[in-house]
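K.L.:
Spelled out, the chains give:
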Amino acid sequence: MKILYWIDDSRDKRKLPSGAVKRQLEKELGVTLCPGEPISDRAVFEELLSKMNPKNTRGVIMDYQLTGLGEKMQLAFGTTWAAEIRAKHSSVPVIGISHCAEGKIPKFQLENFLAFFPRNKLTDANPEIDNLKALLNGYRDAYRAFKTQGKQPSGTELMVKLLTPPAEVMDLLHSAIPSSFRGPWDKETPHAAGRWIWHELQGRPGFLFDELGLATNLGLNLNGLQRVKSKFDAARYQGAFASDGRPRWWVAAIRSIFEYIIGRPVVGPVSNAREELLIAARVSKTERNGLLSRAHAHKTADEIPDCVAYRDDQREEDDRVQALFKDTYVDDRDANPPFGFEARRIFGPGKQK
Amino acid sequence: MSSKKHKPSRVDRHYFAETRDYGKVVDAESAFFRGLIAARNNIPSNPSLQKALSDVTGFLQDGGRPLDVLVEFSVADPHTKAEHTIMLGTLLKPPQHNSHAEATHFLCLADADSLLAKYHADFDFHPEATEKKPSPHVQIGGRVSDSLLKRYPKIWWNKDVNKPRLPALPICTALLWHWAFLEYQGDALMSEFLKNPWWNKLIKDAEGAVLSPFFEDGSRLMKYDPQKGLFNALYVPTPM
Chain A
16 MKILYWIDDS RDKRKLPSGA VKRQLEKELG VTLCPGEPIS DRAVFEELLS KMNPKNTRGV
76 IMDYQLTGLG EKMQLAFGTT WAAEIRAKHS SVPVIGISHC AEGKIPKFQL ENFLAFFPRN
136 KLTDANPEID NLKALLNGYR DAYRAFKTQG KQPSGTELMV KLLTPPAEVM DLLHSAIPSS
196 FRGPWDKETP HAAGRWIWHE LQGRPGFLFD ELGLATNLGL NLNGLQRVKS KFDAARYQGA
256 FASDGRPRWW VAAIRSIFEY IIGRPVVGPV SNAREELLIA ARVSKTERNG LLSRAHAHKT
316 ADEIPDCVAY RDDQREEDDR VQALFKDTYV DDRDANPPFG FEARRIFGPG KQK
Chain B
372 MSSKKHKPSR VDRHYFAETR DYGKVVDAES AFFRGLIAAR NNIPSNPSLQ KALSDVTGFL
432 QDGGRPLDVL VEFSVADPHT KAEHTIMLGT LLKPPQHNSH AEATHFLCLA DADSLLAKYH
492 ADFDFHPEAT EKKPSPHVQI GGRVSDSLLK RYPKIWWNKD VNKPRLPALP ICTALLWHWA
552 FLEYQGDALM SEFLKNPWWN KLIKDAEGAV LSPFFEDGSR LMKYDPQKGL FNALYVPTPM
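Protein chains in written order, with my numbering: chain A, 16 to 368; chain B, 372 to 611.
Please note that the accuracy of each hint is not assured.
[Unchecked claim] In silico DSS-like links for lysine-lysine, alpha-carbon gap of 27 Å or less:
1. B:Lys530 to A:Lys341
2. A:Lys17 to A:Lys30
3. A:Lys244 to A:Lys162
4. A:Lys162 to A:Lys202
5. B:Lys521 to B:Lys575
6. A:Lys314 to B:Lys464
7. A:Lys166 to A:Lys136
8. B:Lys464 to A:Lys341
9. A:Lys148 to A:Lys166
10. A:Lys341 to B:Lys422
11. A:Lys341 to B:Lys521
12. A:Lys122 to B:Lys422
13. B:Lys452 to A:Lys341
14. A:Lys166 to A:Lys103
Keep in mind that the hints were calculated from the coordinates and are not lab data.
Quick caveat, the model's predicted, so the values are computed rather than measured.
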């Protein structure tokens, strides 16, 4: 069984996964968690690193901020240790955890981790195992792609193999893939490409819908989406780093499926034909009204929401609403998204665009 | 059984129906922007153009979305040598359950602080509109978007005057830009577009998609239905 290293400084053992959560992590990831107790000193980390066998290692979970190390109770940053692990064993994915919010960690430090979890998302009941598994498997696939690239390597081809996009979006995706991934890959590229796939491609609106985005596109609320979701399986993102806990659908593939389901072409937004979609899904007339999307802060359902927006400028991913484009704005932090991606919008009258 | 196919009458449909088909407008715009993105690395340097190409990707993935593109170029007036900015805009609004589709293309000319001239070309997709308009048409002056008003508080026309509207050739983003490039072909950047084979291929394709159906309908009308009148047919007929 492979090892998943959990490197934590914690002076409080309760911060490590234990009991049922630990068993669940080990069983579903097929790993043994190691070393099983907090690391109290840098020397212990160095010893662990020297003994680490990448062939037998599934990955590393690393605390971002290691406090109370050694006799002098010093502070160390997990980002530094993560960089050391990756320098020595580039095939090993390193994933971060912390008590502090991701937004408060400097970007250059985050970049040393493939992705980042708030600690409680992995240690409390019902940990986000799907996402953790997707990251570990995704990185394994990206690293394999690097190791097996041919004599005339094309990073673009590797990315297309990893992403398996539908034909409709291939040309746009080619333009959106950052230039640093288009040439031959080196041992650092799987990490950078993995971060791009996880954070940009799957994290930003543009090429993929998340559940709320797909529901809004279809003119439904999240309950409505549950009734029709399976019909859009062919549009589901199945490439590297795909996660059941973070489902995504290719934007470019939705319309043709929608039109096939209702049996006619739709001019304009497919949400104009949302009732037909529910009829095709055999949803009874009495239920339909409760499954349609409603524009946030509007009392009637006369206008169909046409975008997803953060409820306020705190920009919490878990606090987004279906809104009318005209009721939202883009703030300066997101005014210039990378090519092919869309600015995330915020509900509010402050800076209407 | 006879294999003779039914030959459709040349006069059994509205003229210019294809020209006023919003789906065809979307197809023409999509083809142009996809071609432009494919040639992205060869495009003469212009920041607003690069941003526009990024902005259109949502529309290219789902033609049911609106399209709002504005590019601008600095040019010198060929006669006075005065520095001007030309803005080329495309606005497509798909039909919603309570509104008709809109398609507008415009060219706006500005100096440092004023809007000097504006020409916009519209399709009219609203057959029941109380005010009849030719579709497609070109209008001089007219409304100005809030974002342009903020940048240029001074406007050299009365923006409340919407008449007259001139019956015109149908236009699309490719042809609007090409028109502007031809007007300012003395400009180095514009002429760089004009001499590029990939650009001329995009224009040929756009003319085929947008102008061919228009001229075919016009010539069919003149040949088989002249009593109807070409100008009459350019005004959107009210459904029977």
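K.L.:
Does each hint hold? Answer for all of them.
P.N.:
Here's how the hints hold up against the structure:
For the hint pairing Lys530 (chain B) with Lys341 (chain A), the CA-to-CA distance comes to about 23 Å; that is within 27 Å, so the pair holds. Distance check on the hinted pair: Lys17 (chain A) and Lys30 (chain A) sit about 23 Å apart at the alpha-carbon level, within 27 Å; holds. Proximity of Lys244 (chain A) to Lys162 (chain A) is assessed by CA-CA distance (about 36 Å); at most 27 Å being required, the pair is judged violated. Proximity of Lys162 (chain A) to Lys202 (chain A) is assessed by CA-CA distance (about 8 Å); at most 27 Å being required, the pair is judged to hold.
For the hint pairing Lys521 (chain B) with Lys575 (chain B), the CA-to-CA distance comes to about 37 Å; that exceeds 27 Å, so the pair is violated. The hinted pair formed by Lys314 (chain A) and Lys464 (chain B) meets the criterion: a straight-line CA distance of about 24 Å does not exceed 27 Å. Taking the CA atoms of Lys166 (chain A) and Lys136 (chain A), the gap is about 42 Å. The hint is violated against a cut of 27 Å. About 13 Å separates the Cα atoms of Lys464 (chain B) and Lys341 (chain A), which keeps this hinted pair within 27 Å; it holds.
Distance check on the hinted pair: Lys148 (chain A) and Lys166 (chain A) sit about 31 Å apart at the alpha-carbon level, beyond 27 Å; violated. With a C-alpha separation of about 21 Å, the suggested pair Lys341 (chain A) and Lys422 (chain B) falls inside the 27 Å cut-off, and the hint holds. For the proposed pair Lys341 (chain A) and Lys521 (chain B), the alpha carbon gap of about 18 Å is at most 27 Å, so the pair holds. At most 27 Å may separate the alpha-carbon atoms for a hinted pair to count; Lys122 (chain A) and Lys422 (chain B) meet this at roughly 24 Å.
For the hint pairing Lys452 (chain B) with Lys341 (chain A), the CA-to-CA distance comes to about 40 Å; that exceeds 27 Å, so the pair is violated. Taken as a hint, the Lys166 (chain A) and Lys103 (chain A) pair is honoured in the structure, with Cα atoms around 25 Å apart against an allowance of 27 Å.
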